[in-house]
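Taking the hints into account, I'd like the entire structure generated from these sequences.
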Amino acid sequence: MTKLILNRRRFLSTAAVTGAALASPAYLRRSYAAGGEVNIWTYNDFVPTAFKEQFESETGIKVNVRLVDDQGKQFNLLAAEAPNPTVDIMTVAGHRFLQFIDNKLLAPLDTDRLSNWGNINPTFSESDWSTINGNKWGAPILSGMEVLAYNTDLVDAEEAKSWDVLFSEKYKQKTAYIIQDMMSIIMLKLGYDGNMVAYMDDPEKAAAIVEEAKQFLIEKKPYVRKYYDGGAEIQQMFVNQDIALGHSWNGPAAALINDGFPLAMTIPREGSYGFVYTYNIANNAPNADNAYTFLDAILASPEIGASMTKASGFISTYKGATEYLSDLEKKSTSFTDEELSNLQFFRAEANEMKYGLLDPAVEAIKAA
Amino acid sequence: MRNDATASANRVAVARGKADRTFWGRLASWTPYRSLVRLATASPRRQFLILAAFPLLWVLTQHLGPMLQMLRVSLTDAYPVAVGVEQHFTLDNYTRFFGERIFWQPFFRTLTFAGVLTFCTLILTYPVAYFLARHVSRKNQMLMLLLLLIPFWVGEIVRTYAIMILLGNTGAVNQALKWLGWIDEPIPFMYTSFSMGIGIVYLTALYMLLPLYSALEKLPKSYHEAAADLGAGAWTRFRRVTLPLTLEGISSGCTLVFLISTGFYATPVLLGGPSTTVFSETIAGFFHTAGDEWPTGAAFATIMFLTAMVLTGVFQKLMQSLRKGDTK
Amino acid sequence: MNRGNRILIGCTYWAFVLYVFVPLLLMILMGFKDSKFIGFPIRSWTLDWYTGVFSDGEVLSTLGYSLVIAVLSTLISVAVGTWIAVLLEGRKFLGRTAIFGLTILPALIPGIISAIAFRIYARWLGVEPGMGAIIWSHAVHNVPFVALVVMARLSTLPKSQIEAARDLGADPIIAFLRITLPYLVPAILGASIFCLLLSFDDFVRSFFLGGYEPTLPVLIFAKLRSGMSPEINAIATVALVLTAGLGIWAERFTRRMKKETNT
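Residue numbers (this note's numbering), protein chains in the order written: chain A, 87 to 454; chain B, 16 to 343; chain C, 130 to 392.
The set of hints was computed from the structure by calculation and includes no laboratory data. You may find that some hints are simply not true.
[As the list claims (entries may be wrong)] Quick list of the computed label-pair ranges, beta carbon to beta carbon:
hint: 1; chain 1: A; residue 1: Gly220; chain 2: B; residue 2: Leu72; range: 49 to 59 Å
hint: 2; chain 1: C; residue 1: Gly376; chain 2: A; residue 2: Trp203; range: 51 to 61 Å
hint: 3; chain 1: B; residue 1: Leu83; chain 2: A; residue 2: Ile304; range: 37 to 47 Å
hint: 4; chain 1: B; residue 1: Phe123; chain 2: C; residue 2: Pro311; range: 44 to 54 Å
hint: 5; chain 1: A; residue 1: Pro308; chain 2: C; residue 2: Phe382; range: 53 to 63 Å
hint: 6; chain 1: B; residue 1: Thr322; chain 2: A; residue 2: Asp242; range: 49 to 59 Å
hint: 7; chain 1: A; residue 1: Asp242; chain 2: C; residue 2: Gly186; range: 40 to 50 Å
[What the hints assert, rightly or not] Covered stretches of chain C (chain B as the covering partner; in silico rule of three or more C-beta atoms under 8 Å from a C-beta of chain B):
hint: 8; region: 144–151
hint: 9; region: 161–171
hint: 10; region: 203–214
hint: 11; region: 345–355
By construction, the Cβ of each residue, glycine as well, lies at the ideal position given by its N, Cα and C atoms.
Next comes the structure, spelled out in structure tokens:
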């Protein structure tokens, strides 16, 4: 449970100046903001409180956190503010970079300005998805993946080695998944490239593959209990025993495991996809210098990475962060080498084509 | 009511003006104020214009403004406009709805659900409102109405999760049924039209309850007694006296609930199942996941909105003719 | 009406009370669960979530922020809604139906659409997101409810009273303030409860029009992302109890004020 202590004076002064702010021109507010602030949009618990307080007292830069609860809303908000955003740093899932970059919402990250860049595990900082158009676009902080989570009281570990168990007669109406994510997994399971990068020159083939995956999920619709959207939903379904197993992100599943719930997760043998949350600097950020100061500070110690993992259940991208975790936390955030060898990362290059095909398919599955 | 009248009569006596030493008296005799009033009320026409100016300005800028803005977005091919991209006028967003069948199902499902749920809400809340308005002493009425309002102070999301705890496989209802020995295996209530209905009626009941209550409360008791004197049975009295006289309350409650339930988002998404997708979910999809499809979302929203308006218009006309037919 | 029917109808009321209160009681109960997730079975109990709410300044200041927004937006809605009601009720003029239609429009637009429409509109007007913008959008959204309720009450105002006051030399403004307005008080109070409720529970408008200060629903949504924990239930319960207490206090206070001014 992270606590963001709100500055009481700021709260009161906000109340007092609101009337004036409504009328005052934008540039006035901007110049006030440049005095020593950094504005961040992120998920609850992604900026550890202890770190925030220490950072504020050491640098004198005030950290304003705006809590967001989903990527789409964040994109909408930023798009509505462009080209003069109020935000300096936001939290983007790596495979969604392209959408932000295409709309000119992100500034390329100058890693030379970050002396602590080297503290990030190169698996994340130097991997292929993180470089787009020859630039780095964000600092990786947490990593997630699509996993198969199952109630160990009800499901045998052997059964959970394949995604097929989600569509088995035995667990009919006891499963749940996010359709969008499941589509990529099904494409992978059917032997195709779920990122669709391989079909960028062959849109017809791409359309045929999406159609095949779509037909598969429509055919298997009687087996699913719920198409869900967020981590809290699947956690509740497990707790209420409405489902025995389901596709999940590792973060929400890890949180259940850490709480003592009889749950396990695995990367099935057909493979799965991973994604990385990154801190990104907005194009035209009002306090870009402070943003770099903040990023460098948050990358400084593996302990900060560990506390993010404790709060979110996602895996830290920092070198050596695991040393600061408890045994249960280590267990809920680690996978065998065999499992990890099945994992690949989501990529953004083909996203326009991919989601152009996927979104209508998702509608069709829901409507079927 | 009677108290109000005497109090007002007292105030009338005080509202005399000049001779008065009260605040109002002094205000009424203050010269700048009087000349201002005289200026404003010089003619009925001017008085009306002054009264009408602000509301007119408000509804045009505040109520119509955002709607027109949305309409404008729905007729473009890109919004928000990225730097260096040109925006064009287009009707494609509207033709897309009529061209792609997959959107029709959630659309009609939403209208059907809203209709059915409106009816259920009416059936459920009518006896409650009836009881409050007719069988409870006036002093307790407010208290018991307020009692029903308490749960509404808890946000939609928290209440929705509470319903999951109620209806889940290990939820309160299933635990109770097991404890009673009525069932061995839990009944899967959740993620069905049933759980969704329970959740939505929870939200709409208030909007139905208040209009019904005020309609029933206005109904003079003497009507009932007269009908009873004429030998009408309970059911006949209800059908011939109470029901026709509360049609107005029913009509406004139903209209409100129908329109509101076509727009629900979070509750159906959280409580519904794989085959209960509602149209607002489809619309939200354009705004949420597919970031660059605001115009389509706006167009779909406009279609839903207009359809709901037309349907409630027809419904109100029907109710009106029903009312007229009854009084004949 | 015979006894059996009366009892039957009484039962439906209490059944309805049960229906709305059982989920509420479950919610309160879960706030005491010693786990990070809500649901049965409950193996051990704790008060930590509640002490957490009170020691965490953020929750309380967020609650205060939400309440300030609710009260201010309600004041605006009530003023505007009453004005519109006075214009529309009992008057016939060209365009009355149009103005009436426009008045109820905001109540009929789905939340997410109205929120985004407002965001687009605010941007076009150059209004910065933040407390003012939230209050503005809430106020506009709630005006129709006030107008409808006040119009209903206004239609029962005996015209003779106003005429009497006018005969005695009161000008229209004083007649309105001293006769019409007091008569409308019950309707205005009822409408205010509605507005306060709607504003207090609003997520979408607050999210799209808000700044770095979260309102209570925005905070709850953000926390929900890391799981539906008893903490959220504790927050909701505390908010419920505090606002109820505040409401009772306000009611007592106004009643005492009334007594004092009357004597």
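To see whether the hints hold, each was checked on the structure:
Between glycine 220 (chain A) and leucine 72 (chain B) the beta carbon distance is about 53 Å. The supplied range of 49 to 59 Å therefore holds. Glycine 376 (chain C) and tryptophan 203 (chain A) have their C-beta atoms about 54 Å apart, which keeps the hinted 51 to 61 Å range intact. With their beta carbons about 40 Å apart, leucine 83 (chain B) and isoleucine 304 (chain A) fall inside the hinted range of 37 to 47 Å. For phenylalanine 123 (chain B) and proline 311 (chain C), the Cβ-Cβ distance of about 49 Å falls inside the hinted range of 44 to 54 Å, so the restraint holds.
A C-beta distance of roughly 60 Å is found between proline 308 (chain A) and phenylalanine 382 (chain C), which places it inside the suggested range of 53 to 63 Å. About 50 Å separates the C-beta atoms of threonine 322 (chain B) and aspartate 242 (chain A), a value consistent with the hinted range of 49 to 59 Å. At roughly 48 Å, the beta-carbon separation of aspartate 242 (chain A) and glycine 186 (chain C) lies within the given 40 to 50 Å, and the hint holds. For a cut-off of 8 Å, the count of residues in the region 144–151 of chain C with a CB near a CB of chain B stands at 6, and the three-residue condition holds.
By the rule of at least three residues with a Cβ nearer than 8 Å to a Cβ of chain B, the coverage given for the region 161–171 of chain C holds, with 4 such residues. Here the region 203–214 of chain C counts 3 residues with a CB under 8 Å from a CB of chain B, which clears the bar of 3, and the coverage holds. Here the region 345–355 of chain C counts 5 residues with a CB under 8 Å from a CB of chain B, which clears the bar of 3, and the coverage holds.
In the structure shown, no violation is registered for any of the earlier numbered hints.
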